[in-house]
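A.B. asks: Now for the letters of each chain:
Protein chains: 4
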Amino acid sequence: MYSFYNDYSSPCCDEILEAIANARNNQYDGYSLDTISDQARDKIRRTIGRADCDVHFLVGGTQANLTVLAMMLRPHEAVIACTSGHINTHEAGSIEATGHKVETVAGVNGKVTAKEVEQLVLARPDEHMVKPAAVYISDSTEIGTIYTLRELEELREVCDKYNLGLFLDGARLFSALSSPLSDITLPDIARLCDVFYIGATKNGALFGEAVVITNDKYKDGFRYIMKQRGGLLAKGFLLGIQFDCLFTDGLGYRLADHANKMALRLYNGLQQAGCRFISPYCSNQLFPILDNRLIEKLSKDYSFAIWEAGERESVIRLVCAFNTPEEKVDEFISAYISLI
Amino acid sequence: MYSFYNDYSSPCCDEILEAIANARNNQYDGYSLDTISDQARDKIRRTIGRADCDVHFLVGGTQANLTVLAMMLRPHEAVIACTSGHINTHEAGSIEATGHKVETVAGVNGKVTAKEVEQLVLARPDEHMVKPAAVYISDSTEIGTIYTLRELEELREVCDKYNLGLFLDGARLFSALSSPLSDITLPDIARLCDVFYIGATKNGALFGEAVVITNDKYKDGFRYIMKQRGGLLAKGFLLGIQFDCLFTDGLGYRLADHANKMALRLYNGLQQAGCRFISPYCSNQLFPILDNRLIEKLSKDYSFAIWEAGERESVIRLVCAFNTPEEKVDEFISAYISLI
Amino acid sequence: MYSFYNDYSSPCCDEILEAIANARNNQYDGYSLDTISDQARDKIRRTIGRADCDVHFLVGGTQANLTVLAMMLRPHEAVIACTSGHINTHEAGSIEATGHKVETVAGVNGKVTAKEVEQLVLARPDEHMVKPAAVYISDSTEIGTIYTLRELEELREVCDKYNLGLFLDGARLFSALSSPLSDITLPDIARLCDVFYIGATKNGALFGEAVVITNDKYKDGFRYIMKQRGGLLAKGFLLGIQFDCLFTDGLGYRLADHANKMALRLYNGLQQAGCRFISPYCSNQLFPILDNRLIEKLSKDYSFAIWEAGERESVIRLVCAFNTPEEKVDEFISAYISLI
Amino acid sequence: MYSFYNDYSSPCCDEILEAIANARNNQYDGYSLDTISDQARDKIRRTIGRADCDVHFLVGGTQANLTVLAMMLRPHEAVIACTSGHINTHEAGSIEATGHKVETVAGVNGKVTAKEVEQLVLARPDEHMVKPAAVYISDSTEIGTIYTLRELEELREVCDKYNLGLFLDGARLFSALSSPLSDITLPDIARLCDVFYIGATKNGALFGEAVVITNDKYKDGFRYIMKQRGGLLAKGFLLGIQFDCLFTDGLGYRLADHANKMALRLYNGLQQAGCRFISPYCSNQLFPILDNRLIEKLSKDYSFAIWEAGERESVIRLVCAFNTPEEKVDEFISAYISLI
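Which chain is which? The protein sequence lines are A, B, C and D, in order. If you read the first sequence in my numbering, its first letter stands for residue 4, the second for the next number, and so on. If you read the second sequence in my numbering, its first letter stands for residue 4, the second for the next number, and so on. If you read the third sequence in my numbering, its first letter stands for residue 4, the second for the next number, and so on. If you read the fourth sequence in my numbering, its first letter stands for residue 4, the second for the next number, and so on.
Wrong hints could be hidden among the right ones.
In this list, chains with the same sequence are indistinguishable; a pair is considered to hold if it fits within one copy or across any two.
With a straight-line cut-off of 25 Å between C-alpha atoms, the simulated DMTMM-like cross-links for lysine to aspartate or glutamate are [what the hints assert, rightly or not]:
(1) K222 <-> D45
(2) K300 <-> E311
(3) K164 <-> D260
(4) K303 <-> D260
(5) K222 <-> E334
(6) K46 <-> E154
(7) K222 <-> E299
(8) K164 <-> D223
These are computed hints drawn from the structure, not numbers from a lab. Since the model is a prediction, treat every value here as computed from it, not as a measurement.
Just chain A, same shape as in the assembly:
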């Protein structure tokens, strides 16, 4: 049995494990106030090309999303997201639990458009409605698509026009930036977003999301809110060690590049065999449409998520990870071909 279920099913890459092992007799200050965390923050700032941004380390994505939005929004303010946005569907109402409404737009290919944002804002003119104050986007998105530079610039423009903060959920940002189709760099992200994070959990680390705050307006009090929401890890140096690894010699990009390449190999193999997908190849997640009987047969040897169940055919999700072996990809393609 091999799993294409997600990109967080194995512990971590060897480099990270080794770094932790090497540190095991050291003593560090708690709560990411240690020297290795500082070093990791500096490496991130250098990669971004900006010295003036705050960098905070959190353990997971839902935690990062709710902490950032609790910080960004006043009580009556809402965040705009795609209907398919992770905060709207798969975080158990975490944003509402911080007191805020998630206002949704349909999106195009899983991406929020500037036009939708404008329409939504204009339709909320007074205090009987919530006040939209932030836009949440994911890159890569929940269906594996990625934003173009043009799309991000348009979002920035509409955010400036209506005084909205732009927040990018980068749980799979390494994968998005490493995509062969990407025309965006980390400095672009930092220039266009007010807050974003760089995910490590889904890119070869044990865990970890590095929240980067570029807009001064959103810097104050963040560590308080981290602590209050249970997100200030006692052994924060573990986050420092891992991000230090990922930002040394481009390791984070290399791991994502591998996952993306395996996904492309899988995509090409399946497509050449006639398989259809709900969205074109972009990053490490694929969403093929398969006959239900085929799904049943493949399930004997492979695990994957049923994304959208249908009566005759369904959409499944196949995810490649930092450690997906080429031979498993090829075996899956062969299995597919032999079964159709």
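Following the hints, put chains B, C and D in place on chain A, whose structure we already have.
C.D. replies: Frame of chain A; chains B, C and D shown alone:
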């Protein structure tokens, strides 16, 4: 420089590191729904001697406290804690951020007494006040003391009388149970508390708190609230691996026993040299009272927390951990003696 | 200038004013614990035909909605509502501010259908999503339509099937029940809903909503939550006096009947003159579609809300109230006819 | 039976009743956006002597407190109050339900001192604790005492020093300002506080609290939060009518002056008969200490609150109101004298 600052300044014990390394090519289901997490849950249930309790794994203590209390309390209900209780002082208002008041009692030696609980409940007769619905205790407490069986039984009694849930924060439960002064076992804890947790972060793990729910009333919906508050770790199998280690061959107890023994050695050494403490030796935390000039000198070679600053003398906190070397304890004692 | 803007633009009916004036030298207990409030509660229970329901008086509708849902839902639970539901659109995120997601269905004619409820529940299978635990409906709805007995029974059935509480916002319940098209009575509402309220603010009182809780499951702690959310009126006897009036000699129904009749007169007059509406006549709110130039001209003498602005024609809302004079209705019809 | 239980046991003064009766055929805009509310706001601004403050009308005190503090505080921020402060004791955890901790100081005579504020702030140095960001005071206080100008100026100073907002709960502000012992005016309050409110519920109105925001920092978004928390009254013109009355020809002050005078008469009468009090006469609330048997006998003809029950003697609360008749005061004194 050696640190007695806390018990979470080094990564983890060798056994845990090795277990993670051994698992590094495995694939697991996410969110602690994997087989190793199940195995760890079973070992914990067996150690407790009860098959009917729910076991959930969370990353940290503040997270565990707020998740458990969000689950236990209805909107108008409050939790009773000691003034010195961690949720009242050092969690940045996390419980209030879930909507609940922390009602405080003075406590005796850092411990909530049954009598105080009763008085507080009786003084809140109607809907103009919050309704106390749970009691929060820590064992060992924030000042290193431990509950006796008698004290816990009295708390259970008052909780039954007034329909309160009893919740024990066991961030340092291994240390409490391993104390030479303890007359309590884990089955006692499970019998007397409705919810408690067993801390691993401060006992040699990378991170992790195992929440045990023994009362059916509090079982429903807990994983939802974990997810909603950002506490459902994607790579939950890491928690499973660590707790599996700690509950294999008594590792958790052995680690705590070492920390306690080092603290006792330190306590005896200092006390014989004339040092006073704010509370007697109980577990791995010591609170000696030192002259401020002495503190300044010791600070050159040792790091520790100033617990309570005074004009001439102050209380410091010295913490021994799973990996505190005997020679560092002895060196500290010698340094103390040479400086007084 | 005459206003058809809403049904809460004048103080109150004479009967209520007189009752308050008569009481002005009396002394009452506070917080609706007085004898006149008890008397009003009894009259409501008798009208409903059930002695076993709890009746609470609140000042306004948003307050009632948020207090009831704060009471009904656990932290991870959500309420299902129509996209057009008041709690989803016009209460400034009040439900989210209590921590809960409002999950929406499209609805048919402003009404939630049982089928939609079932589909939504089935699509939320696990703890990564919120757990639907209540259904919110308004009767009459935000677009003036009313539920049939059959529709309510189907909702009750699906709620029973999936363990959902059924909560009816009756800000305009008197109007709905007094509609010539209604096949429902107050006892039906009480039998089919777990919680509902009877609005007085929009039916001739100064203010007031009487929350009725018929399901024991939802009774505990409600006064605490009222107090906590700022909804326990100090001079609660004012609510008692008003509801006592409305439930004496059918006053509440008479006032609503008048409003409904004026709306019907207005509807017939406009329709006979060729006017179209977005929904058929049901109760005291009408939603005609008018040419924008006509709207501009009518605005000189009449005030009303623009419900949905279009480029050439728009939907306006005309509301009749307990004190709308027949001649104002006729004048409006004449004005309409003279301007088209 | 005559009640000295509180100052909100009768509907309202004749002037207010008459004003509402006069308005009963008018039509007004909703939500306090009407002309009479504007007129009342202007009168309040003129009385204060400042044109640049925002004035909002809310129904009740708990509602005002929670709305103001929800607006003033960011998620990790706390409000400082007296242990006896209304928000800490008698509002069912309303502030905590908005997510914020109430940090308490002991106070002197029911009043927060500047020194206590400073000590509390200095003891919360980092993100493990909440961040104090506002100070809540009541004037008159919960035990009837009033702030001196000097005390308020010192509080202002410490608030400026530590960047804290100063919020005054004026549920009984008319009574405080009308006290013969007061050296403060409404312009003083406006100059020294960032936000305060002027209570009408306890001063002869049906209901109503006028929130005045003098600091620009706290103005944005307040109506949104009012709406969201259920505090934006549909028939807001009722609040406008009442405050217009209270600020016409000094009615509000006259009503309070009467209540204060009756309390003074009662105080003098009882004191001359040998009665002791827990605090000296200041405003319309008195707290005499009576023998429990005497309390029992007085209870046959008078109702009042038991403030602090003791074994042999207890503290009761006697409150005079806008409509307390002189003869009832004299009768009570006679009854007391005849029974001791």
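A.B. asks: All hints are to be evaluated individually against the structure, with a verdict given for each.
C.D. replies: Hints, verified against the model:
1. K222 <-> D45: Cα proximity of K222 and D45: one copy only (17 Å, versus 39 Å across).
2. K300 <-> E311: within (18 Å within a copy, 52 Å between copies)
3. K164 <-> D260: Answer is neither; intra-copy 36 Å and inter-copy 48 Å both fail.
4. K303 <-> D260: neither (29 Å within a copy, 47 Å between copies)
5. K222 <-> E334: neither (48 Å within a copy, 43 Å between copies)
6. K46 <-> E154: Classified as neither; 28 Å inside a copy, 52 Å across copies.
7. K222 <-> E299: neither (50 Å within a copy, 34 Å between copies)
8. K164 <-> D223: Both. Shortest intra-copy (23 Å) and inter-copy (18 Å) distances satisfy the 25 Å Cα cut-off.
Comparing the model with each numbered hint stated earlier shows that hints 3, 4, 5, 6 and 7 do not hold.
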